[in-house]
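J.: Chain by chain, the residues:
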Amino acid sequence: MTTTETPSTLQRILDYSSRADPYPLYAELRRTPVARQEDGSYVVSTYREITDLLHNPHLSSDTRNLSHPTAGAEEQATPAFINLDPPAHDRLRRMTMRHFGPPHTPGLVTGMEDDLTGIVGSLIDDLAGKEQIDLVDDFAYPFPVTVICRLLGVPHEDEPRFHLWVDDVVNAIDYNPKTDPKEKLEKGIQARNELRRYLGGLVDQRHGRPGGEDLLARLANDDGPDGRMTDEEIVATANLLLIAGHETTVNLITNGMLTLLRHPQVLQRLRHEPDLVVPLTEELLRYEPPVHIIPWRAAYSDITVADTVIPKSSRIMLMLASGSRDPNRFHEPDRFDPDRRDNQHLGFGSGIHLCFGGPLARRETQIALTELARRLDRPRLVADPPPYRRSPVLRGPVHLHIEQGDGY
Amino acid sequence: MTSADNLQAFKREGRIVVVGASLAGLRAAEALREEGFTGSLTMIGDELGEPYDRPPLSKQVLTGWVPAENTKLPRRREVDAEWLLGVPASGLDLATNHVRLADGREVPFDRVLISTGVRGRPWFVESEAALDGVFVVRTREHAAGLQRALAAGPSRVLVIGAGFTGSEIASICRERDIPVTVAELAPAPLVGALGAMIGEVAADMQRAHGVDLRCGVKVTRLEGDAQGRLRRAHFDDGSTIDTDVAVVALGGVRNTDWLQGSGLAAGVWGIACDTGCRALDLNGLVTDDVFAAGDVARCPNPIYEYRLISLEHWANAVEQAEVAAHNMVSGQADRWPHLSIPRFWSIQFGVNIKSVGVPTFADEVVVTQGSVPDHRFVAAYGYRGRVTAAVSFNNAKWLDHYQALIETAAPSPPPCPAPDQPADAKPVPVDFPGPTLLAQGATVVVTGHDPSERRVTAAYQHR
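Residue numbers (full-length UniProt numbering), protein chains in the order written: chain V, 1 to 408; chain S, 1 to 463.
The following block holds chain S by itself, in its conformation from the complex (with noise of 0.2 angstroms):
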């Protein structure tokens, strides 16, 4: 694809093929053809189905204001492309360029993005996750399950996880004024996300709505009855509940299972990429021809010391597709870098939070609007000196000038007074998790000596 006629030629008449038809790869399909691509256009994705929103299944689907059927994804234009829909993808030839299906069919491509996202992790032992009651909220049939688990009136919900999801799910299970415990293994919520100042706030905020909230426990064993379903939850400190409904919000498992054996630099922290949406391959060399975007993509953010960051936010996911997409039809010198700020939203016992930046890039957080006791306020974070995220409780409407602070890289804290201003600002360590919380091992083996030699090999770990 290196000279003009090429690429008019591909435009024309080449195949792409989508792997993952969810939010960025449905928004990728647009884009493409929004940018004029005529040529053949593949969607592959495991679940059955138009592709739908899933922000909402924590949310107004739970509280069975919105069927989980009536969350399909408005369209912004036909995208005249096949569907293979319900089954997945297992495997990636790119000495052929072959996508290979889990029934064996094989679809051709000359380019491929690579949109699988993530699934949500699964409760450790798999006889226990078995149990009716216990739920992971992942897919619109989970949410329609969860929801119908609700309804029927549970004695008392265990949500295990009190990060974004687990807390969301937690607050709508006070709105239905059902009983629920949170356990979370974190000093609080959220503070694997937002670090301990917030965690602090979200922790009264949950108690104050009545959750029963459990920090620093782990949930050990789910035990069930005679007929298989779930009866009561262990604790690590000894203690028990019993509990009819669980619902595991232990975060997400990126989808590059598949992938193994490909050749590109995907395991457990996503598929590396550049900034154009190029994935690179296990040497972390650029490909030419494979793209990624979404949850699943992991992309150096110039703005945070070019580092690798997969985020598993919404709009992310709608900009990279379309940045992706973009660049999969453009020659080398028409192609963008994606280099937006990072931004997301809960909603959770009446508090709209939003965040822009990457808030776990920082090593100081202060109050700078509002009041944290009335839950009103922003918090801006700093690295080194310099603003590197904000998180808004019910003010997010301040958000785009704590962006420009972060464009800017202006200085942390943020010197000049606002009319709202608390009294006491100043700025406190942010205090995340220990690595430990988050490390995942190593994944690769270096060989050879000589510089033509030197190769990575994947270390698929066993677990």
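The following block holds chain V by itself, in its conformation from the complex (with noise of 0.2 angstroms):
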């Protein structure tokens, strides 16, 4: 057929040129909380329904419970944790776990208090006397990458290389065959397993060598309840949490540092009341959050929600950022309020899958924009809106340009 149809609100969001202000379609889109699509997908906006949604045990991760895999889904022998179901999840996010946080690792976000403090504090003497400022490119993607490479124990002078396989791997994540040359999901593919190689390369280098400090070391030499991960396991994971680690945070800080000088009130109470980070961060993870759709999900049977039955094996979109807008939850939610309370947002999504590095997240973000509002000087936006990411899932700008000082 030929006809020329109204696009629907779901590609309007889709689409490049609502990037920098997708709330008003969002708002469209709450008025049905279950929507189905022309392929036979569903999208859920609202915020009851996508947290009973992440609740439900017949909500699967796993992508071969789609009745029609979608390209960007990966689809591999050995799927990390995130695209797992339980008990395979369970168990691969347990162990992971172990050398991450409490019970067993309690200590590890905390004592990286220094490390963190003082990547950031570096990163911004290099900005002093710098007038014009990327805040993207000169901080909030270096200073996430250290960490995460740190973490992992992945030599920091790699970092250019898997930086190209990252950008290349999230290019890919939204391939739309209608729309997209096959060439991006071919470069998504082959960047994967570049990576995964490499990764794995790191992996054979730390085996029968326990006693390593970094994640990769404890989790190749691991003696936990649940035996040890196997190596396509392992490889698996840290490209996750390294996918993970580059991709968000950049996002939040650079989305956090956007909203305080569109509240130029906000960044002022920040250089004087420190403590204010905190609840402020949780309310950019509300407001302004860097992942906005969890892109599918598959119904492994008969799903009702809000009095739609969703048929086994559909393809279910989650609008996390549309639920964190959702009047029926949050007062004045087009309001960015760093006071407010009951703020249980979706910024870290909800239920099994919620974000493993979110506490690590908060505490970089945190650190990062104490210290940005403490140290820049008289910082102002050069272009509002800035330039953003292609993606509308993991959303925030490509780069933010600043001005400090007097300017010119």
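Think of the hints as simulated: they come from the structure by calculation, not from any bench.
Among these hints, one or two may not hold up.
[Claimed, not checked] Covered stretches of chain V (in silico footprint by chain S; criterion: 3 or more residues with CB under 8 angstroms from a CB of chain S, positions within the stretch not fixed): (1) 53-61; (2) 273-287.
[Unchecked claim] Below are the DSSO-like pairs computed for lysine-lysine, each with C-alpha atoms no more than 30 angstroms apart in a straight line: (3) S:K426 with V:K312; (4) S:K397 with S:K354; (5) V:K312 with S:K397; (6) S:K59 with S:K397; (7) S:K354 with S:K218; (8) S:K397 with S:K72.
[Said to hold, decoys possible] Reference excerpt, derived from the structure (chain S facing chain V, CB under 8 angstroms, subset only): (9) Q369; (10) P373; (11) D400; (12) H401; (13) A404; (14) P417; (15) P419.
All residues carry an ideal CB built from backbone N, CA and C; glycine is no exception.
Please dock the two separately framed chains into a single complex, following the hints provided.
T.: What follows is the structure in structure tokens.
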């Protein structure tokens, strides 16, 4: 057929032209909390329905449970735990958490405090006297990348190589066969394989060397109650953490600085009330979250939500950033209010797949914003809105040009 | 307190007394101020010191990780109250609206909140309870004392009663590598709260961790030496064990004795109230100025056929206190019902146990997710074909889903398969111990013939 159809609300959201401000479209989407799309998939956009689904054991994260596996969804022999269901998910996440958080490794994030402060401090030192800053390239990107590399044990000098791979992998996540060149997908697959090969090499080096401090060494030599991960599992896990560590915190910090520059009175408060950064970061996770969409989950069996039956094997898209702006859950949701109470946002998702690195991302962002607020000299936005990355899923500015000092 | 003007005046300069200054009392006081109550607020508590948190007393305090005095409850806001601590209330006079204290003082009020909670049920022989080495664990001092006894390296600890508190204490003993015997009258631990199927899992856990678990037995006598130190325990099967520490974990006794003669529907079962936390009088009529919250309150729950339910749960104390506080300073039209779904948690033998709903309100139970042998699963409870509760072992993140099933009266067993559903998931009878284990006996007598004369009087038991 050759009829021209009005694009659906979802299509307009995914279209790059709405990247700077998708929120009015989210409001439009919320009029139908569970909306069936033409291709048979379902888009869920309201808070209550999203949280219901994220806690529903009939919602699957395993692409093998989709009737039509999507091109962007990774189909692999050894998926990372983000793409697995219990019990496989639980086992791998548990084995990884043993080395990342309580109860077995309770002090990891707090133990990194000096490291985090040191990296932030030296990056800001380099900004001193610079009147033109790109907050993304000069700060928000290198900071979390340095952190995740140290944590995993990836040599920092390899960063330029895997930066390119990660870019290609992330670009392919929202691959749309209708509009995107096939090359985009192929590049993504190739980059994924190269990244995995590279990580496999790092894992090899760590075998038989117990006592190593980095996460790769700990995973390669673990003798916990669940036994040891296979090398493929370690690579899949490291791959996940590396990409997540790259692509999310950068957006949270950049969105944070952008929001502060748009609310100068809050930026001013933060200079004098450093404790404000804790609720402020939670509000950012609600108001301008780094991850806007869970692009797909699968109905393992028929699921009823908001009186709609989603048939087995359907693809379900969860609009997290829309849920966090739902007026039925949050008072004045479109207002940025760092003093907001009862702020149970969806910035880290919810349920068993709740963001694994959330505690680290929180602390990174808190330290970054506190120090940026304290040390930048009268920062101003050069362009509002800034240019955005392509992705509607991992949404954030590709550059954030700021000028400081006396300007020109 | 009928007109809006009266209500405004009461909020401005009324007198509220809170009897019971623990979790529910403190949260209610904070909520009263949050609601804009600016009148006088008096907190009465039998324990000295600031309100503290009890869940750690059977956990982190006993491992020695957290000192007992570091369990103070965090404050949500200033409450600007007069604190009368260290003296228990001894009576309530509803004719003159006064609370009587044990030292003879009288405290007047316009409205009163009763949140006196429960105390540990003591060992039934007073002289044996007094032996050095015999403990109950309810207060901070109790926990500190038991912690010292455990730190001294006893040859063996006897835990009497395998409910949640007893099981948690047994778990701590094993964590500290102390030999422990658990004696339980029922066929398995946790059976009274969670039924036979889960009880078996709990028994497995205890034995796997080296607990000497003895079920279906009663401790008949605690024997001391000449110095008054505990030395031996006798069981009704004729056996004995040598032990120097015994923990009596036989549940709680609701602190309602001081309400005898008050005319309130208060007894061993707690204080009956409506969902708005207003206490009922002996006749079952709702009172206007007396409210109850926390462990001591017994409140109807519409989800469970409006049965009166008292819950000794942390979250319930907080939520009920907030509803009570709101209603104490609101007009009839603005009142809230306390309708939350009960939730509680426990940690023992490395397993996080969490529950939503009322598991005792069930006739069948089915494992819906995970693996029972791995001690990682969710079990759903059903009553006459609908879901009424769920319990998770190391799988708590799913419970919100089960709460939604309970709230929507979803069919039991839940029909759809989930990715990690056990292959042989079949409902089994829930199998709680018979009512004889739980019955409390008659407590009132009804008199009068004409409807205008029918009245209830209390029949207090002598024991």
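J.: Report holds or violated for the interface hint on P419 of chain S, using the least CB-CB distance to chain V and a cut-off of 8 angstroms.
T.: holds (4 angstroms)
J.: Going by Cβ atoms only, is A404 of chain S closer than 8 angstroms to chain V?
T.: holds (6 angstroms)
J.: Tell me if P417 of chain S is really an interface residue toward chain V, meaning its C-beta lies closer than 8 angstroms to one of theirs.
T.: holds (5 angstroms)
J.: Mind checking, does the stretch 273-287 of chain V have 3 or more residues with a CB under 8 angstroms from chain S?
T.: Check failed, 0 qualifying residues.
J.: With a cut-off of 8 angstroms on the beta carbons, see whether D400 of chain S makes it to chain V.
T.: Cβ of D400 of chain S sits 4 angstroms from chain V, so the hint holds.
J.: Between K397 of chain S and K354 of chain S, does the CA-CA distance stay at or below 30 angstroms?
T.: holds (10 angstroms)
J.: Regarding the pair K426 of chain S and K312 of chain V, is the alpha-carbon distance no greater than 30 angstroms?
T.: holds (23 angstroms)
J.: Given a cut of 8 angstroms on the nearest C-beta pair, is the interface hint for P373 of chain S held or broken against chain V?
T.: Cβ of P373 of chain S sits 12 angstroms from chain V, so the hint is violated.
J.: Between K59 of chain S and K397 of chain S, does the CA-CA distance stay at or below 30 angstroms?
T.: With Cα atoms ~22 angstroms apart, K59 of chain S and K397 of chain S stay inside 30 angstroms; holds.
J.: For the stretch 53-61 of chain V, does the count of residues with a C-beta closer than 8 angstroms to a C-beta of chain S reach 3?
T.: Per the Cβ count (5), the hint holds.
J.: Hinted pair, alpha-carbon criterion (30 angstroms max): K354 of chain S, K218 of chain S. Please report holds or violated.
T.: Cα-Cα ~28 angstroms, so holds.
J.: Given the proposed pairing of K312 of chain V with K397 of chain S, does the C-alpha separation stay at or below 30 angstroms?
T.: holds (23 angstroms)
Checked against the numbered hints listed earlier, the structure breaks hints 2 and 10; every other hint is satisfied.
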